[in-house]
Structure formats: C-alpha cells, structure tokens
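Colleague: Kindly produce the complete structure, drawing on both the sequences and the hints.
There are 2 protein chains.
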Amino acid sequence: MFESAELGHKIDKETWKREQPIVREALLDAQFELYEKKAFPVVILVAGVDGAGKGETVNLLNAWMDPRTIETHALELPTPEERRFPPMWRFWRVLPRAGKLGILFGSWYTEPILMRVEGGLDDAYLEQAIGDINRFERMLTDEGTLLLKFWFHLSKKAQKKRLKKLEKNEKTRWRVTDQDWERFEKYDDFVHVSEHVLQRTSHGYAPWIVIEGSDERYRHLTVGRTLLDAMRRRLEAESGNHTASVLPPQPVSPLNVIESLDLSKKLDEKEYEDRLEKAQGRLNLLSRHEKFGKTGLIAVFEGNDAAGKGGAIRRVTAALDARYYRVFRIAAPTDEEKAHSYLWRFWRLIPPLGYVGIFDRSWYGRVLVERVEGFADEDDWNRGYGEIRDFESELDSHGFVVSKFWLSISKDEQYRRFKAREETGYKRFKLTEEDWRNRDKWDDYVRAVSDMVDRTSTDSAPWTLIEAEDKLWARVKVIETLCDRLEKRLESL
Amino acid sequence: MFESAELGHKIDKETWKREQPIVREALLDAQFELYEKKAFPVVILVAGVDGAGKGETVNLLNAWMDPRTIETHALELPTPEERRFPPMWRFWRVLPRAGKLGILFGSWYTEPILMRVEGGLDDAYLEQAIGDINRFERMLTDEGTLLLKFWFHLSKKAQKKRLKKLEKNEKTRWRVTDQDWERFEKYDDFVHVSEHVLQRTSHGYAPWIVIEGSDERYRHLTVGRTLLDAMRRRLEAESGNHTASVLPPQPVSPLNVIESLDLSKKLDEKEYEDRLEKAQGRLNLLSRHEKFGKTGLIAVFEGNDAAGKGGAIRRVTAALDARYYRVFRIAAPTDEEKAHSYLWRFWRLIPPLGYVGIFDRSWYGRVLVERVEGFADEDDWNRGYGEIRDFESELDSHGFVVSKFWLSISKDEQYRRFKAREETGYKRFKLTEEDWRNRDKWDDYVRAVSDMVDRTSTDSAPWTLIEAEDKLWARVKVIETLCDRLEKRLESL
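From first to last, the protein sequence lines stand for chains A and B. Numbering follows the numbering used here, in which position 323 of the first sequence is assigned residue number 466; successive positions increment by one, without gaps. Numbering follows the numbering used here, in which position 425 of the second sequence is assigned residue number 568; successive positions increment by one, without gaps.
Keep in mind that the hints are not guaranteed to be accurate.
Chain copies aren't distinguished; within one or between two, either way the pair holds.
Unchecked claim - When the alpha-carbon atoms are kept at most 20 Å apart in a straight line, the in silico PhoX-like pairs for lysine-lysine are as follows: (1) 481 x 181; (2) 481 x 243; (3) 481 x 180.
Hint data in this document are derived by calculation from the structure and do not stem from the laboratory.
Modeller: Next up, the structure:
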C-alpha cells in the first residue's frame, strides 16, 4: 500500500505559491460552514513512520485554520495515570463535537502497533485490537463523524537520510533521539505490521490515506486538499447520509505509479528468445514441482486497451500443462451475474489448489470501468478496494500465489496499435467503438489505475507494473515475475 | 444473550392453528413480491446447539414456501474435495441471486466455533475468523443481501432431556449419535465460545436472532414471523437503503424475561434488617480489599418509574467510602451532549480503577426511551445494542465489574406508588406529567426492556432482574448481587 508513497512526489515552489492560498481559503470557508451548521465532527488521525513530517503538517493545519474550532491532541502512549482508565477513555475525552475539528496526533492505533512490534505481544492481541478498532470507528462514522486517517510514509532509505540530515544541522539535532534510531532498526517490522493493520482497517467510510513524507510542500498540499474535498463532499451530501465515504484524494502532483514507468525498456529479438525460453522452462518445472499441489497460481492481467494482455497470457500458458490451467476472459456481467454481488462470478471461477487460474481482466473492473463509466456509485466502488483486499487475502492464506499485472503503454503507442488493427483485416475484430471511447477517458483511467495500485497492492498480493510499450520486454517480465514468486512460495512450503 | 431462550416459551394449539395460516400466507406473498421485483437476495443462516430443532425448522420453511425460489444447503464441515478450495468458496457457490432465498444449514460460523471448542485452535485463530466474518457479512449487506442469522438455543438441561427423549423413542433413536453425546459433554465450552462469537458478530445490519428450541410451535412461529417482518421491512424500504437493519423480532409468545418475574417475593422487616446489615458489611469489606485497586465497580440502575432505584442506590452507597464512589443521575442530554455520539457523555463519567461509578439511568436510554419515544431512528437504536456491548466489554476487560439492574414492579403497584406520591407533599416533586405519559406506553417499554436484556446481557456484563414490588427484597438482592460479583472478581485477581 506504500508504492506511490515512495515515488519521490514533489511540488515546485511556483505551484505551491499558486495553490496554497486557494486551498487555504477554501479550507477556512469549509471550516466556517461546518461550524455554522454544527454539521458533524471531523476527526483527523495523524500516524506514520518517524521523520515523515507528521508534526510539521499538524502545525501547518493549525496555522491555516481558525484556531477557535480546531484542537490538536498529542496522544502517544498513555501516562500511568491514564492507564487506570479503560484504554479508549482518553480518546473519548478529546473527540470533537459536531461542527468542530480534532487532530489526533497519535491515536488508538499507536499502542497496538508498537506493542506488536516492540512489546512482544502476539497476533491474538493484534487481531483483537483490530476488531475493536473496526467496531469503534464504524460506530463513530455511523454516529456522523467524518474520520480522516493520514499515514505519513517514508521509504527506509528516505527515513535514514532524513534522520541523518536532521542530526547534521545544529538547529534540528535535538529532534533526533536515541529512540528514533532504535525504532529505525525495526523499520521493516514496523512497516510490515503497520501494513497489515492498515489493510484491515481501511474501509470506504474511513480509509487510510497514505502520503509520502519527504517533500514538505507535497505533504502539506495533499493533506490540505484531501481534508477540503472530504469536508466539502460531506457538507454537500444529503443530510442523513451519515456514512458518505471518503474518496481517494485528488492527485496534487503529476507523479503517479503508472506514469512513472520507464516505457523505453525493450528487448531485442535475440535476447527475447533466450530469456523467454529460459523463463518458460522454469515456469513449467515450477508448475510440476511436487509441492505445487499445496499452492497454485491466480494471475490477473489488466492493462490499457491493446497493451498486449492476450499475447502475454499466451506466452504463459504455452509453458503450462493444459489440464491444470484455465484462462478466463472477463466481459460485461450477464443479468444473472448482475443479480449477485460483484465478486460472486469470480469466486465461481477460482480453481482448487494445484491449479492455475488466469484472468484476462478481472474483479478490478469494479474500480476501473465501473468507476470511470459511473456504473457503480461512488460509495460502492470506493468500498471495493477493501473488499478486494479481503478477497485476495483469502486466496493467499489458502495457499495461492496471487500475481497481478498492469500492462502499460503510452497514449501514442495505443493510437498506433489501434490504427494497425484497423488496417489489418484479421485483427479488425479486436477493435471496437468502445475502445475509442475509453481512449477519450485516458486521464480518468490513469487516475483510477493509480488509486487501484495504491489501495490494493499488498505484501501478499502485489501489483507488478509492466512496461508494455515493447511487447517482448513485457512478456518476459511477466513470466519471470511469475517464476520468482512461485519459486519463493515453493521454497517456503 | 441466551436468557430469554431459557424461559420455556410455548405456543398452545389454538394460537398455532390461528396464527400459522396467516404467517404462511403472508410469507408466500412476500416471497412472490421479492421474486417479481428481483428485489434483493435473502440469506437465512441456521445455527445453534444440537437438538434444538434446526432441521425441523428448515423443513417447515421449505414446506411453507414456494420451492421454486428457495433453496436449502447443508454446509457443515467441508469435504476433503472442498478443502482444496479457499474456505469461503463453497458458501459463495450457494449464495442466492436477487429475488431468491437461500437457507444455509451450517455456515461460515460452523468451522471457527468447532475448531475453537474441539480442534484446539487458539484465540488468535478465532479473532481472525471473527474479523473475516464481519468484513464478509458487511460486504454482503452493503451489496444488498438481507441476512438473517438464527441461533437455536437449548439450556443444558433441556438439551439433555431432548437427547434422552429422542433416544427412548424407537422411531427417533437413530437421530442421536455418539457424536451428539460427545458434543453434549462440551456444552459449556460450546456455549461460552458461541456467546463470544455471537456478541462480536451481531450488528444492526445482521443481528443474531436467538430462539428457544424446546417448543416446536414457538420455534416455527418465531422464525416465520421474523423472516416475514424483515422481508416486509426491506421490501418497503426506499430503494437504495441497502443496509436497512434487521429489528428485534416481534414477540410471538406472551413470555418475556420481565413478565416472568415472580413479583410476590418479599422480606419481612426483621429479615431485611439482618440481611441488609450483613450485605452492607460485606460490600464495605470488599470495597476496601487490598486488590480493589485492580478492579472497581460500574453499577447501572434502570427500572420502571417509581420502582425504587433511588432507595436501592442509597443502601449501596451507605456501605461505601464517600471518597471512592460517585452517583450519576442521568437526565435528558444537554445541547453539548447531543452534539457528540450518545456514548460520549458516559465515557466522561467512567472512573479509574479502584472506584465505584453508580449510574441512576444510563446509556440504556438509547434503546429504551429513545426507542419508545422515537427520539432515535430505528436503525440507530438498533445498532445501539452492539455498540453498548462493545462499550461494556471494554470496561470489563479493563478490570471493572459491570453490574446492571432492572428494577421491576407491576403496573398496579406503580399506580399505587404514583398516587401515594401525589398525596404526600414532600414526595410530590418526584412525580411528573411525563411519568403518567410513560405509563401509557407500558407495553412498548416491556418489549423494549425485554429486547434490551436479550441483546445486552452477556457473561461479562449480565443484567440482574430485580423483583421490586417489595422494596426490601429489592434492596437486599441488589447489594447481595454486587457482593457476589465483586467477591468472585477479587478471588480471581
């Protein structure tokens, strides 16, 4: 879930100078309206890795907004006195009333995560805590609270750099403590546990919003805009619609996981032949491994129209025994399928362990085409991210390797391929009016894909982004990725 | 949560003959409308203790309803073949489409409960399963499914009797297996684990409906009416209101926990003095116990108007050190309190460990006065049961003894007490117009109280029903109950 928070998002000075006053003024307006209407309480959780600028962002929000109706509370670990009260007591004390905002710097997540990472408490403790938190937050939002949960992220490298930099400067040295370095040692554990908690507690009504912490301007603008959008959406929602969900934030920097790909990657014919053959051989051996019956493979192919999904899939299946794989081409749902929840038709296709299921398009239609074309309500596709994570997490814990590929081409390359299809008789059937219509919504799709990767790429079911401008490169990368993941899983069995 | 399912509910033959055709016809109508409109899928889970008549009720529903749009699936433990698929796969396969009903005899609860009770799996496993189930059911209901979860209950005694009776009759002997008796040996564990799971998975949108299993007619009529009411409510709900909650079922038998009390219980003056003094002495010692600082007491007093809550509370406080207790008299919420979630004002009053907090009326206003007077929406008070269970469970796991008393008097006795207050100058202030108005809604309150006890009486925070027709009896029973619970807690520390 941290992919796009490691891209190096930056906002340049001019953009900052231009955007900052606009956001700031709009925020003040929204704050005023919220207060006048005593509309609902706004709770802003601030969490994340050390050194990712949590404190500065809290300070900024306080500086930007009218101090009379916003309060900040530092809520790291409880004091001995506070420990005599039930754990949630100190949080209830500081919850804002309808019309006001409360920033919680540290929250009900702080102790469970730290206790799991550093306190030696076990999974039963953590799972119980996750359950408690989910019920509590559901209650808060059912009761009308707008709950925004910000997670400030830094890659391990960036965190180290940041701590070193602060230490070097005499004026900021005091901010780096021994504890910070001790925690840095546990960075991997911390991020691993945090990712698990974030996945299980991110819901449409209270999603985690992960923000890259390295660039101050980017951080500030993202938090500001996200807060603004969420407040506006709720203020404008029909009254009574308590649980209007919090949508993924508008991008404030041009970077995203999709457009950051280096599409110039390519292979020449010779290298392609060599590597493809080698990878196919590897895949074939892995799929006949004596322990393959305890795992299996669910491979999902999504991508731009004409990005070469079909060709890549054919190179995969060429390496497999036809008795043990199936390819599912997913089109628009039938009436029967529409009469069920959207995951129903996919569950029916899941094979038993020991088999390979390949999906040419998939359940991600929910958050791609259904979102962009408006086939699903905002609240519905928005809760889809969590539902899909749960679905894939079940496949993973049952034993499957879940591999998801996004095949990416440029808009120009797509145009060339469309034209080529038009001109080649036997390929003409592959191009429809719809393809051209989708192309008109290119930017909407880029945003949807980017949100999809952010919210559904997990440790157990990661997205692999494929530079598909060169088909040869794409095919080899797909098969090699499958081999690597299968190999790792088989070794662990 | 099983109190009112151990009362011995019965429906006599005449009532059955009168009611059964009505329910049956209405159910068919609702089923037809559901199908015509392809309105939503209905999923009916059937679970509970062995011998509580699950099978017979499933057969009856099948006999009553149009077989073309209802299907039953037996889903006990998975077969070896099914185990090769992810656990949820076999449930997804049988989920009904919009417009149809599916009865799941055995469900996603079967394996987690049995594995915890008999399979030696630990709490981490169970908590994870509970979390998975909650997210899954939330998704189902968000997607539009009407989910009804029936739990058929028998007391240990009744289960034994039922198994013996089946064994005695030659025609039914085959239905009792060795496994049934083995499971009976584990009755207490089974009920304990089940209660925990039921508490954590009962929500407004998919509550558990606990049904006493001993009388066939009662069981059938309750299931039939509950299904009917829930389908009607959803059919009539505005379209789009996917998560219209499932309300507590209409009572179909005159029995309920409140009216089953034996109000003739009394003490004479002499016995009262003796027992009161002894109990107060005990309470005082317990509250000064060296380990009292690790626990504490949260005592809740609810009851009919003029049932004698104040008098009972004064007898409790007389035994306590004034520095360590506080009594909170809860009136209608202030504007400030209304601007927060309803539990907010109570959280503020919770004392630290080592103290006694006494609530003269409480958070139960949510499901009593707010329900009966319509101050809260149906969906809002209905989700209150689970929220209150969570709240009290937090108090309990922090160390507090949570004791809740319902002081019950008859309608006649209340009239006498009201009249006496009117006639006694210094007591007149205690009687208001509102008291007379509440009295007009006596039956609504009886139902609300009964649902409240059913849904919020738990192992860790049980309701004690107090026969308060005789004030002396009531006071002594209150203090003795507090002593017993405190003593048990202190011994366990």
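Colleague: A separate judgement is required for each hint: does it hold in the structure or not?
Modeller: Going down the list of hints, with the structure as the test:
no., hint, in the structure
1, 481 x 181, "between (40 Å within a copy, 11 Å between copies)"
2, 481 x 243, "between (42 Å within a copy, 14 Å between copies)"
3, 481 x 180, "between (40 Å within a copy, 14 Å between copies)"
Checked against the numbered hints above, the structure violates none of them.
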